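*Asks:* As given, the protein sequences belong to chains A and B, one line each in that order.
Okay, so the first sequence: first residue is 1 according to full-length UniProt numbering, each after it adds one.
Okay, so the second sequence: first residue is 1 according to full-length UniProt numbering, each after it adds one.
Please note: incorrect hints may appear among the correct ones.
Same chains, same names: a pair is fine if it fits in one copy or spans any two.
Each computed EDC-like pair below joins lysine to aspartate or glutamate, with the alpha-carbon atoms no more than 20 angstroms apart [to be verified]:
no., residue 1, residue 2
1, K199, E7
2, K130, E32
3, K22, D123
4, K9, E275
5, K60, D262
No lab work stands behind these hints: they were computed from the structure.
Remember, predicted model here, so these are calculated numbers, not experimental data.
Protein chains: 2
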Amino acid sequence: MTDPDIERKLIEIMRIISESDKPVGARNIADELNNRGYNIGERAVRYHLRILDERGFTKKHGYAGRTITERGKEELNEALIADRLGFVINRIDELIYLTDYDLNEKKGNVIVNISHIDKNDIDASIEIMKYAADSDIGISPKIRIFEEDSDSNITVPPGSVAVATLCSITFDGLLLKGGIPVEPYYGGTLQIKDRDPVKFLDLISYNGTSIDPIKIFMSRRSTSVLNIMDTGEGTMLANVRYIPTSAREKADEILKKAGLSDMAGTITIGGSGEELFGAPADIGKSGIPIFVGVNTIAAVQEAGIKVNTYPISTILDYSTMYKL
Amino acid sequence: MTDPDIERKLIEIMRIISESDKPVGARNIADELNNRGYNIGERAVRYHLRILDERGFTKKHGYAGRTITERGKEELNEALIADRLGFVINRIDELIYLTDYDLNEKKGNVIVNISHIDKNDIDASIEIMKYAADSDIGISPKIRIFEEDSDSNITVPPGSVAVATLCSITFDGLLLKGGIPVEPYYGGTLQIKDRDPVKFLDLISYNGTSIDPIKIFMSRRSTSVLNIMDTGEGTMLANVRYIPTSAREKADEILKKAGLSDMAGTITIGGSGEELFGAPADIGKSGIPIFVGVNTIAAVQEAGIKVNTYPISTILDYSTMYKL
């Protein structure tokens, strides 16, 4: 085992190579590493690439650059698992930064959740998701389905498809782009009566957890979205972010404009220090509870279909998503 | 529905009355409310008691005071459920304050986890817990079993027994009594190889969650304690607290002395800002990872026995617990 600092760079380099479908050269890798906050030159990258070649993790294709080998892919996978004690909030911050959807131009990248569903269950799943969209569950009617052989950076396990749904953290990206300092704070379960939110039953902070709160609630099967669709009563998933109360009007404007791009789900914007459905707020801060995008997927899961969901997964060009 | 402020006081009053096995008078209630941080006089308490009498939740017994009625108990139970969006850290702080175990006198109250196990499974469970204790899993060989008809404030569901195990948050109480400002911070899953801790696989902060992190890991079945007992490899539960690094020696002394009272489980005390098994620490702070008491219960669950566990549940006189 060499220096952990070198190991971290080797993994990041493998990650960059694996993310491309063409061979990648040392200069492009160096540029990308610098983008990702590593201060490293082209010459140092070449040194690292030689180590990777020697270990059989990458392969050189003349001047075109390197590709990752099967062994390299396995190594990367293991390293990513070992490396996975990353706190959810850090991934959220990164994705918020990468979102660049423009509400005026109506184009750009949004944040999506990825759910893996067995191929044989996808038709039934889409039926339920349609029913959910018609019942005003969910924050966008747009989804995208990736098949096993689809040419994208989305992982699709054999025999499954990957369904991308709009992630509510996209709204945090929109608020940030609008110049509002926004803190995504809690994921939670929200009790619904007569189709109206009543109170949060549980809350888990995005800060200081390595497991996504929404993933925790989904694996605890805490939701009853199907019941809400049928009777108006049950438990849905929602999250809460905080903004300075002085930015309320601006935030309201942005979130309303998002509706024109088929992005909805905001429940309300609280006043300074106002407790919203039991979620606390500091003086000078306003809470904004928003339903999460995976509520439609929770409905699919409640119907007895096996789903593996990765909330706040990646960014995706919103124009490549289509209405259900 | 009246003023939520009044409702909260009504519930707190019912709670005080229900905690006593004798009728309680208005003056005692007022004193106890003041202890609990409510600024309220005897006269105001009488006003609230009249509301409770009218609603049929309490009953007056002449000058002796009030008792709670069956309807009152039901109401209190529902209110407590509605009220349950309490953050775990607040309960931890309260229990740490209430612990008064004296390491010199070797007596006093410790914090315990409570696990409900079916009566018919208790013999098998005790076998596994003994095996775990022999394998150095668990932080104390002492437990206590409460039967359905036992005269205590521990709830025992029909057909079950309640098993109390020492909770690792007791150590936080001991450190606090020793004058060390201690912050219980993360619950987590710790990877074990060759009987030694390797790294945290997941961490969830006690701060800002309404569901206990250890309960989350247990319901996700993230442990493999039985495997560790057999082969020395697997995943155990541990938590991390932080103290000022200047208090390291004093903490070490206290935690060593705890061993003389059959309380063990401390893995190490970190240096200033030292990352321990992947758990971060700030400069000037030392992390202390400690195995949690419910690892033995996790082993019981892994053996296929249904267990419902409430970590960091209540305080209990340590002298009433007995060795397995």
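*Asks:* Go through the copies and call it for K60 and D262: within, between, both or neither, with a Cα cutoff of 20 angstroms.
*Replies:* The answer is neither: 45 angstroms in one copy and 60 angstroms across copies each exceed 20 angstroms.
*Asks:* My question is about K130 and E32: at a cut-off of 20 angstroms on alpha-carbon distance, are they close within one copy, between copies, both, or neither?
*Replies:* neither (40 angstroms within a copy, 55 angstroms between copies)
*Asks:* Between copies, within a copy, both or neither: which fits K199 and E7 at Cα up to 20 angstroms?
*Replies:* between (47 angstroms within a copy, 16 angstroms between copies)
*Asks:* Is it within a copy, between copies, both, or neither that the alpha carbon of K22 lies no farther than 20 angstroms from that of D123?
*Replies:* neither (34 angstroms within a copy, 62 angstroms between copies)
*Asks:* What label fits K9 with E275 when the C-alpha limit is 20 angstroms: within, between, both, or neither?
*Replies:* between (45 angstroms within a copy, 18 angstroms between copies)
In summary, the structure is inconsistent with hints 2, 3 and 5 from the numbered list given earlier, while agreeing with the others.
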